[in-house]
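Chemist: Listed below, chain by chain, are the residues.
Protein chains: 6
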Amino acid sequence: MSRIDGRTHDQLRPVTIERGWSKHAEGSVLVAFGDTKVLCTASVTEGVPRWRKGSGEGWVTAEYSMLPRSTNTRGDRESVRGRIGGRTHEISRLVGRSLRAVIDYKALGENTVVLDCDVLQADGGTRTAAITGAYVALADAVAWAQGKKIVKAGRKPLTGTVAAISVGIVDGTPLLDLCYAEDVRAETDMNVVCTGDGRFVEIQGTAEAEPFDRAELNSLLDLATAGCADLARIQNEVLAADLER
Amino acid sequence: MSRIDGRTHDQLRPVTIERGWSKHAEGSVLVAFGDTKVLCTASVTEGVPRWRKGSGEGWVTAEYSMLPRSTNTRGDRESVRGRIGGRTHEISRLVGRSLRAVIDYKALGENTVVLDCDVLQADGGTRTAAITGAYVALADAVAWAQGKKIVKAGRKPLTGTVAAISVGIVDGTPLLDLCYAEDVRAETDMNVVCTGDGRFVEIQGTAEAEPFDRAELNSLLDLATAGCADLARIQNEVLAADLER
Amino acid sequence: MSRIDGRTHDQLRPVTIERGWSKHAEGSVLVAFGDTKVLCTASVTEGVPRWRKGSGEGWVTAEYSMLPRSTNTRGDRESVRGRIGGRTHEISRLVGRSLRAVIDYKALGENTVVLDCDVLQADGGTRTAAITGAYVALADAVAWAQGKKIVKAGRKPLTGTVAAISVGIVDGTPLLDLCYAEDVRAETDMNVVCTGDGRFVEIQGTAEAEPFDRAELNSLLDLATAGCADLARIQNEVLAADLER
Amino acid sequence: MSRIDGRTHDQLRPVTIERGWSKHAEGSVLVAFGDTKVLCTASVTEGVPRWRKGSGEGWVTAEYSMLPRSTNTRGDRESVRGRIGGRTHEISRLVGRSLRAVIDYKALGENTVVLDCDVLQADGGTRTAAITGAYVALADAVAWAQGKKIVKAGRKPLTGTVAAISVGIVDGTPLLDLCYAEDVRAETDMNVVCTGDGRFVEIQGTAEAEPFDRAELNSLLDLATAGCADLARIQNEVLAADLER
Amino acid sequence: MSRIDGRTHDQLRPVTIERGWSKHAEGSVLVAFGDTKVLCTASVTEGVPRWRKGSGEGWVTAEYSMLPRSTNTRGDRESVRGRIGGRTHEISRLVGRSLRAVIDYKALGENTVVLDCDVLQADGGTRTAAITGAYVALADAVAWAQGKKIVKAGRKPLTGTVAAISVGIVDGTPLLDLCYAEDVRAETDMNVVCTGDGRFVEIQGTAEAEPFDRAELNSLLDLATAGCADLARIQNEVLAADLER
Amino acid sequence: MSRIDGRTHDQLRPVTIERGWSKHAEGSVLVAFGDTKVLCTASVTEGVPRWRKGSGEGWVTAEYSMLPRSTNTRGDRESVRGRIGGRTHEISRLVGRSLRAVIDYKALGENTVVLDCDVLQADGGTRTAAITGAYVALADAVAWAQGKKIVKAGRKPLTGTVAAISVGIVDGTPLLDLCYAEDVRAETDMNVVCTGDGRFVEIQGTAEAEPFDRAELNSLLDLATAGCADLARIQNEVLAADLER
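Which chain is which? The protein sequence lines are A, B, C, D, E and F, in order.
Heads up: the first sequence begins at 1 in UniProt numbering, then just goes up one per residue.
Heads up: the second sequence begins at 1 in UniProt numbering, then just goes up one per residue.
Heads up: the third sequence begins at 1 in UniProt numbering, then just goes up one per residue.
Heads up: the fourth sequence begins at 1 in UniProt numbering, then just goes up one per residue.
Heads up: the fifth sequence begins at 1 in UniProt numbering, then just goes up one per residue.
Heads up: the sixth sequence begins at 1 in UniProt numbering, then just goes up one per residue.
Next comes chain A alone, as it looks inside the complex (with noise of 0.2 Å):
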C-alpha cells in the first residue's frame, strides 16, 4: 500500500526541530512533524507549588492547546468559551506526565518548569511532537538553569530523553506517525511515548472502529518503539549543537 503523502508504512513525516525560537522563554523550540507545527516554550521559575514546598524537590508542568485556526475549520477559542475542553485537559496532562518521567526531581531542586505546547498549524499528530518538542526546550531549559547557577550543578535533573509517535491501523494496515487524513480513516489509533532506552513511558491505544487483538496491538508497539528510536536519535542530534542566546 502506497501512503497518502508516498510514505511507507514505517516512515516518519520529515521531523525538524528548531531550537531558541523565542528571545523570552528560557528553553523554546518550533517542531514540525510534516505540517504539523507546535511551538514548545519551556519556563522556568524558582520555587514550587505550595503542596511541594520545603521538599527540596522540583516540578514540571505542561499545558497544550490549539491556535484557533491550526485546523481546517477555525475552532472557538476556549479562553472566549470560557472553559477548557475535555481534549486539551486530556493531552496537557499526558504531556505533563511524558516529561515527568525524565525529571529527577530532586537534582532539579525546588524549582518549576512550564511546558506550554501550542499547536500552530495541525495535521495530525500534534500531541506526539509536542512531547517530542518539548522534551528538547526543556533540555535547553534546564542547561540554562544550571548555568545560571538556579540548579546545582554535579546532578542531572534529566534521567534520560523523552519522545512520543502515533501508529495507527488504516485499511488493516500498521502505520507509523498518521497525518490527518490517516488519522480519520484509522480503525485503531495508538500514542506511544518511549525514553531514549526504548522502554514505555505511556501507551494509549483506542479502537475508533473495530476492537483490536494482541497481534495488532503487538505489530502497532513494533512500529511505535522504532519511530521512537529515530526521534530520539534526532532530538540527540539537534541538541548537540551549541545554542546562541
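These aren't lab readings, by the way, just hints derived from the structure by calculation.
Misleading hints may appear alongside valid ones.
Given that identical chains are not distinguished, each listed pair holds provided it fits within a single copy or across any two copies.
[Unchecked claim] Listed next, the in silico SDA-like pairs over lysine to any residue satisfying Cα-Cα at most 25 Å (straight line):
1) Lys53 / Ala153
2) Lys152 / Thr45
3) Lys149 / Asn72
4) Lys149 / His24
5) Lys23 / Asp35
6) Lys149 / Thr71
7) Lys106 / Asp183
8) Lys106 / Gly47
9) Lys23 / Asn236
10) Lys106 / Glu208
11) Lys148 / Val238
12) Lys23 / Val184
13) Lys23 / Asp5
14) Lys149 / Arg19
15) Lys156 / Ala107
16) Lys23 / Gln11
17) Lys23 / Glu46
18) Lys156 / Glu210
For chain A, the structure is supplied; the task is to place chains B, C, D, E and F on it using the hints.
Modeler: Chains B, C, D, E and F in isolation, oriented as in the chain A frame:
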C-alpha cells in the same frame, strides 16, 4: 507475595452488580469492585444531538463524577468550583468511548443514551468499575427501549459486551484489580477495556515511576485479559436474571 | 381522602436511616423517606475558615446536590453547566442553617464539619430528608471527633436534635410528608425544621397557587410539629445503637 | 423598649414609593423603607420563554442585586466574581414567586415582565422593599402594556396586590420592619409576603440564635400581617395618582 | 443646525452633581449629564493590593457597570451571564486610568480607593459622566480619609482635577456631549479626558463610518477642551460647598 | 538622542509580512515589527451572525491573544483562568473595528471573516502589528473568497487599506514604533490606526505619567501619520506578489 487484602496476584476483588437500583432510570446498577461503589444509570431520550440529526444513527455518551466524600479526604465539588477537572473529563471520555465500542448506531436508531457513573465510595479502580457497571445499565436501558418500541425490533443495538479492569506493577509484581493502597504504590498502572470476545477497546498504560519494558507490558496484558473475561462472565450471569421493574 | 400511597393525611412515609454507609466519612447515613434516598456524609477537618480563625469556635456547613438521574427526567450536571442553580444554593444554605441551630460552636472548638447531602433518588421531600439524615451523620462525626480527642471532652457540641418535614395543602386537605406526585399538585407547600423539643428552626411556606390564610397555616404547623417529633424519635432510636466502624 | 430610631415595636419606617423613576422602563419605582433604597424596574417584552410558547400564558420573573457599595463595607461585584451568590439567587427567586402570586397568566397573554430590583442603599429589609416596590412597577408596566394593546383589554392580569415586610425578635421583643442594626441582633428573623386581602404568599422564618416557639411565631405573624396591610394601603395610594410618562 | 434637544453645537447638557448621595460610601455622587444618570461611589480601604505592598504608595481603581434596564432595551446582567463584556472592561479601565492621572500615590499612602460607577439611566456619554462624577466622589473620599488621619496631613493626594466629555461628528458637524440619539448617528465618536489645567489624560477617537481627517480631529479637540473646562468649573463649584455627613 | 536599538526617532523597526503562513486559513500572515511577531489568520465562513441575517451584508470580527510565554515572564492562560482579561477584550475590539473601517459590507455579502491575531513573541506594539498584519490576511482571504465565487465579482469588499503604529513620548521626545523597553518608560503612549489615504480610523492616546498638551499631541500625530504611510506602502508591496496556495 501476599496482597494487602489476601488476594492472589491474579484475583479480582469481590464484584457485585445490583440491577434496577433506581426507580427512575431506564437502566441502573450499583456496581462494587470491593469497596469501590459506583452508581451507574442509563438515561434514554428519543432524538440525538444536533450534529447527528437525520443520520438515522443513535448516540451514547457518559459522565463520570465522584461524590466529594467518596474518597478518604473530602474533595471540592466541581459544581462549586465551576469547572470540571482534567481527570473527570478524561474518565468521562474514556467511559463513553468504551461503551460506544459495542453499539451499532444504526440499530439504536436516532436515540441517545447518557450513562452517568457517580462514584459513591472510592477504593481504586473507579473507572473500570464504572465501565463494567455502565455496560449492564446500558443493556437494561436498551432492552427497555426495545420493549417500548423506541428502538426497532429485529436488530441488536449491542454488538457485544464490554468490561474493564486495572492492572499494575507493585514492588516488581504484576497485580490484577488494584485497590487504592496498591494503586498509590504502583510503579506502572494500566487500565484495559476488553470486549467479551477478548479483544481490546482501550489500553492506557502509564509509568508512574520507572518506565516499563515490553515483557512487563505483556504480563500486564495477560492479567488484564483474563480479568476482563471474568468480568464478562459476571455481567452475563447478572443479565441472565429477569429484571423486575 | 385516601392518599396516592394509602397513607393517612398525618402519616410519614417509611423512614429508614442507615448509619455507617461510607467507610471514609467520619459520619455517614443513607436516609430514605419512602422512595427519596439521600446519602449524607459528615466530614470533619481540624481548623476553621479564615474569617473564624482564633475565635475558639467551630463551623458547620452543608452542600446539597442531586445526581443527574435522581429524578424522573435526567437533569444537566451543575458541574458541566459550570454554575450552581438557585435551588441548589437555597437548599444548601437551608441545610447548613438547620444544623448550625443545634451546634455549640465553643464546644466544637476550632473544627469544621461539612455535610454533603447527595440525592441518589428523588420522590419529594429531598431537603427534609437531607436535614433529618444529616443530623445523624453529624452526631456520628461529632462522636468520632470526641473519640479522637479532636473535640474536647466534657462539653457537648450538640445542643439538641433537629429534623425536618414537608407539609402541604392538596385539594384543600393538609397533608404530611408529600411525595412528588402530591407535591406537584399542592396549592401550598411548606418545609418546617424543628428541634427535638418542638421549637422551630426554620419555616418556609409558599403559596404555589392560591395564597393561604392563618387557619390553613395553623393546620400545616400542627401536622409538621407532630411529624418532626416522630422523626426525632426515629433519630434517637437509630443513634442509640452502637456504630461499628 | 425604645427602638434605635425611636419607633414603636409595630411601626414601619418611613416608606416612599416614587413612580416613573426611569425614562426607559415600562414601569419603574424608587422605593425607600427608611434608608433602604431599591430601584425597581419592570421590563415588558412580547413573547415568553421557550418552554411556555404556545400556551397562551405569560411569564413574570425577577432579578435582585446589590450595588457593591450599597452596604457599609464594599462587596465584590458578582459580575466580576463570575458567579451569583446563594443569597442573590434566593432573593431573586423569592421576588419572582411573590409577584407571580398576583398574576393571571392567561390575562397577561404571551408576554414577559422582568422585574429588576437593584439595591442602591441597604439598611435591612432590602428584599421586602424590593417586593413592595416591584409590585408598583409591575402594575405600571401592565397598565402600559394594556395601553399599547400588547395585553388585551377586558381582563385583569393582576389579581390583587402584594407586599412584604420583615419581622424579628430582638432582645425578646417582636419588632416590625427591622433596620440593619436591629437585624444583626435578631434572635429570629422572618420575612412575610402578603396579598392585599391579608393572605400569605410566602413565610420564611429563621432562628438565628435560639429556636422559636409557636407563641413567638404567632406574635410575629400578627405584626407582619398588620405591616403588610399598611404597605398595601400605601401602594394603592401611590398608584391612585396619574403617572406622567 | 438645531440639535435634537435644542442645544447649540458646543453646549453641554444640563449637568448636576449631587454629593453625599449614599450614607455608606466615603464619597458618593449622583451625576447627571441630561438624562444620563450615574451613581459614583468611592470606597476607601486601608492597605493596597499585594503587588504594591511595602511601596508606601496607594492605589485607585474603578468598576463601571450598567443596570440592566438603564437602557432602552433591557440587557442581560453580566453577573447572570457569568462574565463581564468587553465594553464594560474597557470603560472600567478607562475610568481607573483617568482618575489615577490626578493621584499622587505617595501622598495617598498605602490606601486603596475603589470607584464604582453604576449607570442608573443611560442616554449617551455614560463613561464621561462616570469620570466626571467619580472625580468628585474621589475628592470627598480623600478629604474623609484625611479627616480620619488615614491619609497623612500636609500632602495633597490629588494633584489636580479631571473631567471627561464626548464629542462627535454628526451629519458633518462637530458636536459636544452627544446624547444617545446623536451618538448612534455619529460618523466619528471621540471621548476626551482632560485635567483642569487643560491637558489631555486620554483621547479615544473612533471612526464609526468614514475615517476622519486632521482638520476634523482638530475641531473635535477644540470642542472637547472647552467642554472639559466647563465641567472642571462645575466640579469646583460643587466641591466648594460643605458636605454634610 | 540615540534610541535603544539605534533607530532615529521617526524610524520603524524592521517590518516583515510573510503571507501564506498557514495551509488551512483562507488568509494568513506572520507579521514582525522587530522582535514582535504575530500570527494573523483570516477565516472565511459563509453566513453571518443571527442579528445580521437577511441583511445582505457581511461581518468582520477579530480575536487577539498572547501565548503565555510570548512575554518576558510567563502569563497565565486565559483559557485556564476561565475568563478573558480586560486588555485582551479591549485589543480584540480595536482590531475588529479597525478592519471593519475598510470593509464594504454589501460587497462582502452575507459572509463572515474572523481575524485571529495570536502574539507569538511580544516586544511592544503587538496591537499595531496585529492590525497591520491582519489587513494583509484579510485581503488574501477576500481574494480567496472571490476566487471561489463566495463573494460576488464586480464589487470590491475592501474600500482601502488600513495599518496601525504606536507613538509615544519618552524622556520628552516623541518616538515612532516603541519597543517594549521604550514603552515602559513612555510618559505618553498612543496607538494610531490610519487608512492608506492618511485619514484616521482610531486614535487612542493615554498619559501614562504627565498629561500631555496639544503641541505634544500634534507631534505624535505627525509621526504616526508618516509611520502608517510607510506601513501602507509595505502592505501594498507584499500584496503585489502572487500568493502560492
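Chemist: With reference to the structure, classify each hint as holding or not holding.
Modeler: Structure-based check of each hint:
no. : hint            : in the structure
1   : Lys53 / Ala153  : within (21 Å within a copy, 35 Å between copies)
2   : Lys152 / Thr45  : within (14 Å within a copy, 39 Å between copies)
3   : Lys149 / Asn72  : between (45 Å within a copy, 20 Å between copies)
4   : Lys149 / His24  : within (19 Å within a copy, 44 Å between copies)
5   : Lys23 / Asp35   : both (24 Å within a copy, 8 Å between copies)
6   : Lys149 / Thr71  : between (41 Å within a copy, 23 Å between copies)
7   : Lys106 / Asp183 : between (39 Å within a copy, 23 Å between copies)
8   : Lys106 / Gly47  : within (13 Å within a copy, 32 Å between copies)
9   : Lys23 / Asn236  : within (22 Å within a copy, 29 Å between copies)
10  : Lys106 / Glu208 : between (41 Å within a copy, 16 Å between copies)
11  : Lys148 / Val238 : within (22 Å within a copy, 42 Å between copies)
12  : Lys23 / Val184  : between (37 Å within a copy, 18 Å between copies)
13  : Lys23 / Asp5    : between (34 Å within a copy, 16 Å between copies)
14  : Lys149 / Arg19  : within (22 Å within a copy, 42 Å between copies)
15  : Lys156 / Ala107 : within (6 Å within a copy, 52 Å between copies)
16  : Lys23 / Gln11   : between (33 Å within a copy, 23 Å between copies)
17  : Lys23 / Glu46   : within (19 Å within a copy, 39 Å between copies)
18  : Lys156 / Glu210 : between (44 Å within a copy, 17 Å between copies)
Every hint from the earlier list agrees with this structure, and none is contradicted.
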